[in-house]
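All chains should be built: construct the whole structure from the sequences, respecting the hints.
If you read the sequences in order, they're chains R and W. 57 is the number of the first residue of the first sequence in the numbering used here; add one for each residue after it. 4 is the number of the first residue of the second sequence in the numbering used here; add one for each residue after it.
Keep in mind that the hints were calculated from the coordinates and are not lab data. Incorrect hints may appear among the rest.
DSS-like cross-link-like pairs, simulated, lysine-lysine; straight-line CA separation at most 27 angstroms [as the list claims (entries may be wrong)]: (1) W:62 / R:252; (2) W:123 / W:8; (3) W:16 / R:247; (4) R:233 / R:252; (5) R:230 / R:192; (6) W:62 / R:255; (7) W:145 / R:252; (8) R:141 / R:164; (9) R:164 / R:255; (10) W:62 / W:48; (11) R:78 / R:141; (12) R:247 / W:123; (13) R:114 / R:233; (14) W:145 / R:255; (15) R:138 / R:192; (16) R:247 / W:145; (17) R:333 / R:252.
Below, a sample of chain W positions facing chain R; criterion: calculated Cβ distance under 7 angstroms [stated by the list, open to error]: (18) 13; (19) 77; (20) 95.
Source: prediction; values computed, not measured. Beta carbons: idealized from backbone N, C-alpha and C, even for Gly.
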Amino acid sequence: MTQPIDISGYTRITESIRTEAKRILSDGTVSAVIGYTHVRRKGSTQPILITNPDDSEKLFFSEGCLNNLVVYLTKSKKDVPKTGKIGIVVKGCDLKAVVGLLGESQLKREDIYLIGVPCNGVLGSLINPATELNTKTIAAKCRECTDRMPVGADFVPPVELAAMPQMEATYSDKIAKLEAMTPSERWEFWKEQFSKCIKCYACRQVCAFCYCEQCVCDRNRPQMVEQSPRPSGNFSWHLVRAIHLAGRCVGCAECERVCPMDIPLNLLNRKMAMEMKELFNSEAGFEVREKGPLNSYDEHDDESFIR
Amino acid sequence: MHTEKPKHDFEPKIIAFVCTWCTYAGADLAGTSRMQYPANVRVLKFPCTGRIDPVFIIKAFQQGADGILISGCHPGDCHYISGNYHARRRFAAFRKLLEFIGVDLNRIQFSWVSAAEGGKWVDVVTDLTERVRTMGPMVEFKDLALEEQWSGGLNSPDLQEIYEAM
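Rendered as structure tokens:
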């Protein structure tokens with residue numbers, strides 16, 4: 057049964073974002089603000105970077121604002137100016153990416169001004185951007201979201217969050233289903249999924265945590281990951297991606313959204329996040345920490361699998 | 004002095020990623036003590052278990068390994084203080100990932116073998132070899148390497164049609 061989701065707060069959020077962006081740009085708090093703007097197609101959005109206070113009218117927030125803008129703060133996006141303080145519009149999930157990057161010394165807290173957005177969820181995709189937000193069209197990540205209020209942002213629009221209807225959790229259900237299968241069934245499932253991959257690397261491009269100057273998958277002496285889009289190279293790429301994001305991925309699900317072949321990439325990431333919680337009691341994105349679960353250790357870690 | 008070797012239909016390829024300070028020395032000890040262990044194991048020497056990247060395991064499977072052994076110093080004995088502690092966490096996570104993807108974890112063995120444990124090295128290698136032998140060859144990754152992206156098969160009606168139209 058589809059239930060509509062109350063997003064009446066988004067108009068007031070838009071107003072607050074505009075006035076706040078205008079204020080911080082004109083009094084010199086920030087040199088630029090990264091936010092969302094309208095595009096010609098109704099309901100669709102795109103990221104925008106504004107430096108002029110008069111442009112703040114271009115900013116807005118709606119259920120179509122899917123992008124995780126935090127990726128523009130990383131060193132992999134060289135065309136975004138990194139001088140001075142930068143204001144950025146973040147949803148709760150994006151804020152967790154900021155927290156992760158702060159811990160990995162990729163950002164300095166004093167260099168960013170966070171405009172947090174109390175979020176009632178966004179659409180799953182912009183293929184039909186003018187659709188109404190309801191329990192069916194909402195993004196899978198929003199169904200099991202626990203961080204609708206951005207915590208620790210510099211400015212949060214004074215808007216009360218509307219109550220959300222009950223929704224079933226997509227990822228945990230799928231993971232449980234996969235875990236119940238036999239290994240060979242799981243292998244068949246992933247083989248089918250990964251065979252679709254065309255190695256466009258959109259998942260890497262859009263990920264806030266894939267900021268390496270040179271990716272191990274692009275190196276060819278020695279070549280660890282086959283680069284052509286063939287099944288064996290695809291497997292290596294997706295496994296390497298999953299293990300490199302283990303304990304770091306905050307679940308913004310951008311990889312899954314941008315994938316042109318609809319590979320359920322976030323399933324792998326969620327599975328690894330669950331394992332990290334179970335094995336090392338560690339969850340990404342809630343506190344700024346210098347070391348994640350895989351670059352720290354405890355002498356009493358479980359070693360029942362080692363003989 | 005050599006005992007008669009039994010003939011097997013299938014000789015698995017075992018790739019052992021070992022640390023140079025403990026397990027490599029342990030394997031060396033087994034050799035100098037003239038202990039017998041299956042010749043199926045190919046030893047790759049690394050400075051530390053912390054140097055062993057999960058991608059090496061994937062690569063080994065793709066290149067035809069049937070079983071993988073990863074072995075290094077006991078916790079607390081690492082030459083680089085904490086390399087094996089880090090490796091322990093990394094492989095705890097990576098084996099969960101492999102399991103989720105559908106790889107049988109019986110093909111991958113982690114162990115601590117010190118420089119003095121030549122006998123344990125022999126046990127570990129023999130166990131793994133015999134276990135993998137009963138499981139048969141690892142075909143999943145090898146099949147992938149042979150497969151092309153085109154999932155429809157090269158003699159599908161669609162392609163035939165296109166070919167005839169040309």
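Worksheet item: Has the given pair, residue 62 of chain W with residue 252 of chain R, been kept, meaning a C-alpha gap of at most 27 angstroms?
Response: holds, 21 angstroms
Discussion item. Just to be careful, I want the Cα atoms of residue 138 of chain R and residue 192 of chain R compared with a cutoff of 27 angstroms; is the pair within it?
Written reply: violated, 39 angstroms
Item to complete: Given the hint that residue 145 of chain W pairs with residue 255 of chain R, test it: the Cα-Cα distance must not exceed 27 angstroms.
Response: With Cα atoms ~20 angstroms apart, residue 145 of chain W and residue 255 of chain R stay inside 27 angstroms; holds.
Worksheet item: Hint check: is the beta carbon of residue 95 of chain W less than 7 angstroms from a beta carbon of chain R?
Response: holds, 6 angstroms
Item to complete: For the pair supplied as a hint, residue 78 of chain R and residue 141 of chain R, confirm whether the alpha-carbon distance does not exceed 27 angstroms.
Response: Within the cut-off at roughly 15 angstroms; holds.
Item to complete: Given the hint that residue 333 of chain R pairs with residue 252 of chain R, test it: the Cα-Cα distance must not exceed 27 angstroms.
Response: Between residue 333 of chain R and residue 252 of chain R the Cα gap is close to 30 angstroms, so the pair fails against 27 angstroms, i.e. violated.
Worksheet item: Within a Cα-Cα threshold of 27 angstroms, do residue 141 of chain R and residue 164 of chain R meet the stated pairing?
Response: holds, 10 angstroms
Worksheet item: Would the stated hint for residue 13 of chain W survive a check requiring a Cβ distance to chain R of less than 7 angstroms?
Response: violated, 19 angstroms
Worksheet item: residue 62 of chain W and residue 48 of chain W: Cα distance at most 27 angstroms?
Response: holds, 16 angstroms
Worksheet item: Regarding the pair residue 233 of chain R and residue 252 of chain R, is the alpha-carbon distance no greater than 27 angstroms?
Response: holds, 21 angstroms
Discussion item. For a C-alpha distance cap of 27 angstroms, please report whether residue 247 of chain R and residue 123 of chain W respect it.
Written reply: Since the Cα atoms of residue 247 of chain R and residue 123 of chain W sit roughly 37 angstroms apart, the hinted pair is violated (cutoff 27 angstroms).
Worksheet item: Within 27 angstroms, alpha carbon to alpha carbon, are residue 114 of chain R and residue 233 of chain R?
Response: Measuring from Cα to Cα gives roughly 44 angstroms; hence the hint is violated.
Checked against the numbered hints above, the structure violates hints 9, 12, 13, 15, 17, 18, 19; every other hint is satisfied.
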